[in-house]
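Asker: Residue numbers (my numbering), protein chains in the order written: chain A, 1 to 293; chain B, 1001 to 1293.
Hints were generated in silico from the structure; no laboratory data involved.
Hints are not guaranteed to be accurate.
To be verified - The calculated EDC-like cross-link candidates involving lysine to aspartate or glutamate, where the alpha carbons are at most 16 Å apart (straight line), are:
hint, chain 1, residue 1, chain 2, residue 2
1, A, K245, A, D76
2, B, K1289, A, D260
3, B, K1245, B, E1282
4, A, K289, B, D1260
Said to hold, decoys possible - Derived contacts from chain A toward chain B, CB cut-off under 10 Å, selection only:
hint, residue
5, G16
6, I17
7, L32
8, L73
9, Q167
10, V182
11, E193
12, T205
13, Q221
14, L222
15, V224
Just so it is clear, CB atoms sit at the ideal spot from N, CA and C, and this is done for glycine as well.
There are 2 protein chains.
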Amino acid sequence: MTQASDLPTIAFIGLGIMGGAMAGHLQAAGHLLHLSSRTRAKAASLIAAGGVWHDDAGEAAAAAEIVITMVGLPSDVEGLYLAPHGLIARARPGAVLIDMTTSTPSLAVRIAEAAAARGLAALDAPVSGGPQGAQSAKLSIMVGGTEDAFTRVLPVLQRMGTNIVRQGGPGAGQHCKMSNQVVIAGTITGVAEGLAYARRAGLDTERVLQAIGTGAAGSFQLTVNGAAMLRGDFAPGFMIEHFIKDMTIALAEAEARGLDLPGLRTALAQYRRLAEAGMAREGTQALAKAYGA
Amino acid sequence: MTQASDLPTIAFIGLGIMGGAMAGHLQAAGHLLHLSSRTRAKAASLIAAGGVWHDDAGEAAAAAEIVITMVGLPSDVEGLYLAPHGLIARARPGAVLIDMTTSTPSLAVRIAEAAAARGLAALDAPVSGGPQGAQSAKLSIMVGGTEDAFTRVLPVLQRMGTNIVRQGGPGAGQHCKMSNQVVIAGTITGVAEGLAYARRAGLDTERVLQAIGTGAAGSFQLTVNGAAMLRGDFAPGFMIEHFIKDMTIALAEAEARGLDLPGLRTALAQYRRLAEAGMAREGTQALAKAYGA
């Protein structure tokens, strides 16, 4: 058993499917957790194991050396960090704040600046790997912020992920995540269209997957989401509404730099149509339905 | 040493980068080859090793039990097979003809029908894996045609590939290859756009590749062509002009079935612009240039 007293106290805010699993690893490693989330019920097992509940996120932050947030939308992040009695206003001197939500790079920069003005360090550290990666502590973590703050919290991040790379200064973690999502948008479009083609041509789609899955068409998306499309399994690993959020951010950031991404625009338009048709909370593999699956 | 006399004699027509390597494996396995190609010089080493040259492809076919073609365009395939003195007219009774060119499914059906009318069997058997796959005899081979003909020539196909799947009747091999190309079109678009985003956001693109390459964004295209994009290496593994040919066929086949593939349309439009700008003979990874690389 690790001695809890040696380890920094952590405030963990946002205990959904991702955050709950990530906080669990930190607690198991011996960190004392201060917890806050929209729904207290989601913290029950963490509280039972010694975590301290706070109705107010700022209060949780004030009790910890490291503050981690894993919430929903950039507007949630903005409210949490920058409100008058928010995390930056309440955090202890010398604390490091880590936003692991996928959010906007420009907000990450604003948060880092506001934090620095109060003598705090803030990192943006979005993840990929989904619920499975969170549960198995094998997330990829893409970090933006100072080298110093990164080094200080790396042992904590290593409890949650395996591929942890500092991408640059504030916002660079979010930009890297956006790059990741843009790649996925094109890839899953190719997967959905290629399998739709095969089905419409009258082929045995399972046999097609066997033939093309290991070669130049091969991808994580084809292996995992392509197979789910063929099974008709549209339960969310990663929800369409979250993917739309990410793609919308990426498109705006690209446009702000004069970069046109027609493949991303195509994917986003397809997903928006699915969301409007009531599929916002299905998994991203439900893109197959845009092609008649 | 295999006894050549036990093995069927093979006519191999089309000795480019792919066909030359594939024919070499058959010769090395002990098959007597009858050779024909647009350029005799490309057959030199095969002739030196015992292959028999024919100026006329029909004459080569008339001398063999199995006829394999690996040429350029569907129009080349049509001319070879269906001309009055072409392969079907000249092939021996009982011969199996295998077109390994990526061509149109509908042409494959026409060829199979014309072959059957003369008591011959024809298979469509396009490949994926590129020059490397051809050289290492590790091609994926997607086959359409009768089970009987497939079974008869499987030992020959196994000399050239490792993942050999019969997809259905005549044309099914070509349809499977089209499905493969549609998946790749979306995937490489995602790769080019995601890396362009990262570069434009000021990230270290090599470090981004390290962070995203093994997770949900991972693919053969990201690992191989993404890395080539970052190196600025646009030499062809697979040429843009050939990819345009394939995507054009796939789009027409999809449209004929009332299936809209906006991702494929986007990719094809990007590649056509590159071809018009003089990049038709660069590798498909030159798609990066459409995004300012």
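Asker: Work down the list of hints and note, for each, if the structure agrees.
Answerer: Evaluation of the provided hints:
no.	hint	verdict
1	A:K245 <-> A:D76	holds, 13 Å
2	B:K1289 <-> A:D260	holds, 13 Å
3	B:K1245 <-> B:E1282	holds, 14 Å
4	A:K289 <-> B:D1260	holds, 13 Å
5	G16	violated, 18 Å
6	I17	violated, 16 Å
7	L32	violated, 30 Å
8	L73	violated, 21 Å
9	Q167	holds, 6 Å
10	V182	holds, 4 Å
11	E193	holds, 5 Å
12	T205	holds, 8 Å
13	Q221	holds, 7 Å
14	L222	holds, 6 Å
15	V224	holds, 8 Å
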